[in-house]
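Number of protein chains: 2
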Amino acid sequence: MPVNLPAPDPSKLFPIAGVRIGVVEAGVRKQGRKDVSVFLLDPGSSVGGVFTTNRFCAAPVQICQRNLSQGAEIRALLVNTGNANAGTGADGLERAHATCNALAQRLQIDASQVLPFSTGVIMEPLPSDRIIAALDSAIAAAHPDRWLQAAEGIMTTDSVPKAFGAQVSLGGKTVSMTGVSKGAGMIRPNMATMLGFIATDACVHPDLMQPLALALAQQSFNCVTVDGDTSTNDSLVVVATHQAGHARIDSLASPEGQALFVALLGVARQLAHAIVRDGEGATKFITVQIDGGATVQECSKVAYAIAHSPLVKTAFFASDPNLGRILAAVGYAGIADLDQSRIELFLDDVHVATRGGRNPDYQEADGQRVMRQSEIVVRVDLGRGAASHTVWTCDLSHDYVTINADYRS
Amino acid sequence: MPVNLPAPDPSKLFPIAGVRIGVVEAGVRKQGRKDVSVFLLDPGSSVGGVFTTNRFCAAPVQICQRNLSQGAEIRALLVNTGNANAGTGADGLERAHATCNALAQRLQIDASQVLPFSTGVIMEPLPSDRIIAALDSAIAAAHPDRWLQAAEGIMTTDSVPKAFGAQVSLGGKTVSMTGVSKGAGMIRPNMATMLGFIATDACVHPDLMQPLALALAQQSFNCVTVDGDTSTNDSLVVVATHQAGHARIDSLASPEGQALFVALLGVARQLAHAIVRDGEGATKFITVQIDGGATVQECSKVAYAIAHSPLVKTAFFASDPNLGRILAAVGYAGIADLDQSRIELFLDDVHVATRGGRNPDYQEADGQRVMRQSEIVVRVDLGRGAASHTVWTCDLSHDYVTINADYRS
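Each protein sequence line maps, in turn, to chains A and B. The first sequence runs 126 to 534 under the working numbering. The second sequence runs 126 to 534 under the working numbering.
Treat each hint with caution, since some may be false.
If chains are identical, the list can't say which one is meant, so a pair holds when it fits in one copy or spans any two.
Stated by the list, open to error - Taking lysine to aspartate or glutamate and the EDC-like style, the derived pairs with C-alpha atoms no more than 20 Å apart in a straight line are:
hint : residue 1 : residue 2
1    : K159      : D270
2    : K155      : E489
3    : K426      : E500
4    : K426      : D416
5    : K298      : D375
6    : K137      : D474
7    : K159      : D261
8    : K137      : D486
In short, the hints are calculated from the structure, not lab data. Since the model is a prediction, treat every value here as computed from it, not as a measurement.
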């Protein structure tokens, strides 16, 4: 059961003019599962993308990075679940190219205009023949109003589809944006998460798409973690179809650029948070906020040390205010000159530790009360400066072990 | 159930001339538990120690570091379980000093000649009065032949006591060495492990004790990990009582120095491995060996990325050869210029991946066979140079979550 994550609201999943989506069953790994999706983009759309920093990045990630860096006009995204096509060497690249070529041929575009995405088990050969056999029906099924199906079509161990949309008024025109994401385990995005696709009909200078995608990732997908495992396939793609009819945005710093960014960030954060709320075995949604750091980087180190500590995560699962474990994680986060006597620790509104020791006014019952909640804010003040950083994570439960000890799903 | 870790063999726990041990029940946290131990050292003994790098190091660790750096002749170790006296601020230091003062008074030595050690729950006040009240009976009970009781007296979540001994002939004399350790969770030693005490009657130049302790830690306790949580209380202490009667060792590089080091390292490694074999919830003992690195440091990064990955650890628990997870961990270990096409992966004798992809000759049945074993060697060749590093770890099971989600033990 995901933590406070209702099913997507279809009335908020706005069709985006210029984007059509087709989702089909190709039998990539199992029968009877929607596992291949195509996103078809009208000519003139712009695309930005950010990808995993894992050096074992998957074959499709390598192709995406090349196609985007070469500036090809992207016309289609091709997504499969059931197989990550990672750890597959030269053969994996060949199979990914084969699927792109097959889709390009059917759409009468160049293969470099296709971005491929794969997610699923690592180090197994991609069944490219089965994916290619499903392309005709995927193209035939393509329709603008298929975002919910897209969210379903990219699920692996996700327990619910993840899709959010928003609208904002720019220059008197209504601009829509809708996004989908997937991911529940192997989550410690480092540039982006497993898979996230966001599209808008906004008119944005094409050169802004890459910095836009990066800025969105940095403040959403790059701030969540489930288990600290950075995936081989992390990809976030942002599409603008330029069909909303307002004056083109040429700077993200303009009032319109800011309004668009804030609205897109809202969607991106909901998608990223949804991944944590649906984290494998998650029963709690934890916000880890570090204040008073000398730099954002050291705040991030401390936040991730807390968010990754199996001891902290199991204490949250147990609703046990064994909060010394948080102090221990602060201590080993890697700040060499940290002065423990300046550390303050809060659990929501409860002041747990002061000057590195237990707050004399702290009552265990207060800590217990907060630990029982399904949403908890851990706040640490490092007493070193004015920098802050926040990450979002979940607890570590029996179900995480069950899900990941199961034979490959 | 620990992994291939039998109960200590009493015939191998050699009394060390110059060391007497007393273990009593003080009711530090629970009644009916041996929880306070004193190690009384004859005058003229030498002591070296290495301690946690956690910046939230406990009050006793701070006192140990000061007493050792001031060169005081150490005459007693005072150990309690049930309370870590960490995250306790100025009050924690006062309470630790009070216990040292009380023991020093009874032994007619200076308080700076006492090294205190605490392990247990963090951020609770140390019940120093109860520890002090138990000192007379601990001193009265002190006897050289109490190593097994010492191992029992320092246990917390350990399921078995951990004690090993060895003898070696130096200059025609028999030199004995015996050690005890404790620890099962919050294990990613960074200079040493939770608690380890090793004593020998060897005659060693006192100036060699600190480098000896460091070298032993680097090749034993600093190469094991259970959950990646570096404790606030890690301490390894090595004592030499100089009573074996052989010519004093003035260099660790001499033949006698080497013979002593190798024998001590054997004991230290057994103690360190015992912590992993008894790792919370462990069902498997995993050796992660990284070869072909450009530096030992990068080999260590890769080894710990594998050893800490919850996905890799749950796959070992499930005996599931989902070995792409190992490649993913290699990829995110932080080697920026890693070339995935040079990576080779072996599971014991089974060649799983070659040139970054699945080995065409690899049969899943072979991987499955190795994964079912209780002892497994994972070997990765990075294809970058001649450096190697090995770490030892265990799997991640339901019992780890159960143990750590239990209300404070």
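Hints, one by one, checked against the model:
1. K159 with D270: within (17 Å within a copy, 68 Å between copies)
2. K155 with E489: Result: close only across copies, 19 Å inter versus 49 Å intra.
3. K426 with E500: For K426 and E500, neither the intra-copy (22 Å) nor the inter-copy (33 Å) Cα distance is at most 20 Å.
4. K426 with D416: The answer is within: 12 Å in one copy meets 20 Å, while 28 Å across copies does not.
5. K298 with D375: within (17 Å within a copy, 84 Å between copies)
6. K137 with D474: For K137 and D474, neither the intra-copy (33 Å) nor the inter-copy (55 Å) Cα distance is at most 20 Å.
7. K159 with D261: Within one copy only: 15 Å inside a chain, 73 Å across chains, cut-off 20 Å.
8. K137 with D486: Neither, since 46 Å and 51 Å both go past 20 Å.
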